[in-house]
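Heads up: the protein sequence lines correspond to chains S and A, in order.
Quick note on numbering: the first sequence equals residues 1049 to 1298 in this note's numbering.
Quick note on numbering: the second sequence equals residues 95 to 367 in this note's numbering.
Please keep in mind that the hints were generated in silico from the structure rather than gathered at the bench.
These numbers come from a predicted model, not from an experiment.
Glycine included, C-beta positions come from ideal geometry on N, C-alpha and C.
Careful: at least some of the hints might be erroneous.
Chain S regions said to be covered by chain A (calculated; three or more residues, Cβ under 8 Å) [unchecked claim]: (1) 1177–1186; (2) 1202–1210.
Just a few of them, taken from the derived set where beta-carbon distance is under 8 Å, the chain A residues facing chain S [claimed, not checked]: (3) Val183; (4) Gln275; (5) Arg277; (6) Leu278.
Just a sample of chain S residues kept apart from chain A, beta carbon distances all over 12 Å, derived [to be verified]: (7) Ala1062; (8) Phe1161; (9) Val1198; (10) Leu1199; (11) Pro1216; (12) Gly1217; (13) Met1219.
Letter by letter, the chains look like this.
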Amino acid sequence: MQRSALPWQIAFGAGLLVAWYACGLLFGVAWISSPALVAGKLAGWLSSGAIYAHIMTTVTEMVTGLLVGVVLGAMCGLLLGMSRLVATVLRPIVFAVYSVPLVSLAPLLLMIFGIDMLPKIVLVATVVFFLVLFNTMKGVEMVDPDMVDVLKVMGAQWHESFRKVLLPGCMVWILSGVKVALPFALVAATVGEMMAARRGLGLVLSESGQKFDVTAIYAVLLILTVLGLVVAETGARLESSLLRWRRKSD
Amino acid sequence: MGIGMAGDAASGTMISLRSAGKQFSARGTTLRALQPLTLDINAQEFVAVVGPSGCGKSTILNLIAGLLRPSEGSVRYDGSEVTGPNVRVGYMTQKDTLLPWRNVRDNVGLALELRIRSASREAAAARVAQMIELVGLAGFERHYPAELSGGMRKRTALARTLIYEPETLLMDEPFGALDAQLRLLLMDQLQRLTQLRRITVVFVTHDLAEAIALADRVVIMSARPGQIRRIREVPLPRPRDIFKLRFTEEFAQLYEELWNELKDEVAKGTDNR
């Protein structure tokens, strides 16, 4: 099955490109653009080097926000997961904040932090924080109490149980939270940039839109697609390397 | 509490439950898990507790292990009251509770990593290798639990429990999920190990044949809420040939006698669902 699929996929992709090009010829390139034009635009950007600063900005915002969000989310998730009192008190507030579509926080953050990278980092961190928080809490909940009991009878002190059973047990959930958060991180960074920024792919996108430069829009979307795929693949690789002990389902 | 040393020559009372019972309250209702019961277990004795599901056999183990406090009565271990997790026992649960992110070697060595024991790295590694050899898992040190069969996981759990040489073993239907052949093999291994190291064992099972084959005394529990219905000595001589034992006359008589007690309780257990 796998061997026969690839040629079909390539043929299909090629067919789409041809169809796109044909539509451009038929209906005019003003709205539809064409593969040739987009390729040309991209080539121009890549050789002139202007686009790299934008890409780096978006990636930096994403990665920084991710790191902050994951660390804080995991820490708070562990805390809330372990202390029932704290969890009960804070849960409604956490859910209330999470119910707001987080991207709508962007204008507020832009007002507070300005239009450089910081508000976008905060936005990314916030989105990631909540995702990782809930997953971590679930992970704590899912730890097998029998395992903890066995360790107690072996003579483990609380911090030993924590380090040897709770944390590794939660890792699965934290990582799955990170994997889910990755595409959201990209979205948050890009949307933040679209609203206001000095640099970034979102800025290029919104500027191109204002200039009605359809070709440029497609070019940016292509870059974002590649970025998104790289991010998703990184997430998958990270998970499989850290969770090598999981049996591969045959 | 220090590290347990495997059995002294003196066989006094190791574990003593005096009118020890347990009930749980949840949302206004109380659930009686164990009626107050009195039971003494001597050092180096192998006691099997048999009964229908829900009769509280696991609760007895949890009380001895110090994971539960009795609602009434007292639980004493080696003379002193059990007030917290009892680190002088080894506890083998029904599910094998191996840490899935550790391989066999690291799972077996778990107890030796704990502060309470402070064994040196080399000494610990040597003990781990010895234990793995003992349960017949040599060559599988680097395998993860997900890659092992049920029997191998049980053997790993056994090695993990025995490695810190607890003087008492608490076992909760450890061989329940295994096929008959494997069960016999592990039963044989268990009784040899516990005889050799003079370990006191409290073994919970629903399988009467298993109980009689392994134990010095069999305790028959009644259906929920459990209490002791009968305690019977098993005078079969040691060492026992687990494989052939089932076919002997004495075994058959014991089995019939005890089954008559047990079957009423099993019937009650299934009626009271």
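These are the hints, each one checked on the structure:
1. 1177–1186: Since three or more residues must qualify, the claim that chain A covers the region 1177–1186 of chain S is violated, with 0 doing so at under 8 Å.
2. 1202–1210: holds (count 5)
3. Val183: holds (6 Å)
4. Gln275: violated (25 Å)
5. Arg277: violated (21 Å)
6. Leu278: For Leu278/A, the interface hint is violated, since the closest Cβ of chain S sits about 26 Å away, which is over 8 Å.
7. Ala1062: holds (42 Å)
8. Phe1161: holds (39 Å)
9. Val1198: violated (5 Å)
10. Leu1199: It is violated; Leu1199/S is separated from chain A by about 8 Å at its closest Cβ, not greater than 12 Å.
11. Pro1216: Violated, since 5 Å does not exceed 12 Å.
12. Gly1217: Non-interface label fails for Gly1217/S: nearest chain A Cβ at 8 Å, not farther than 12 Å.
13. Met1219: violated (7 Å)
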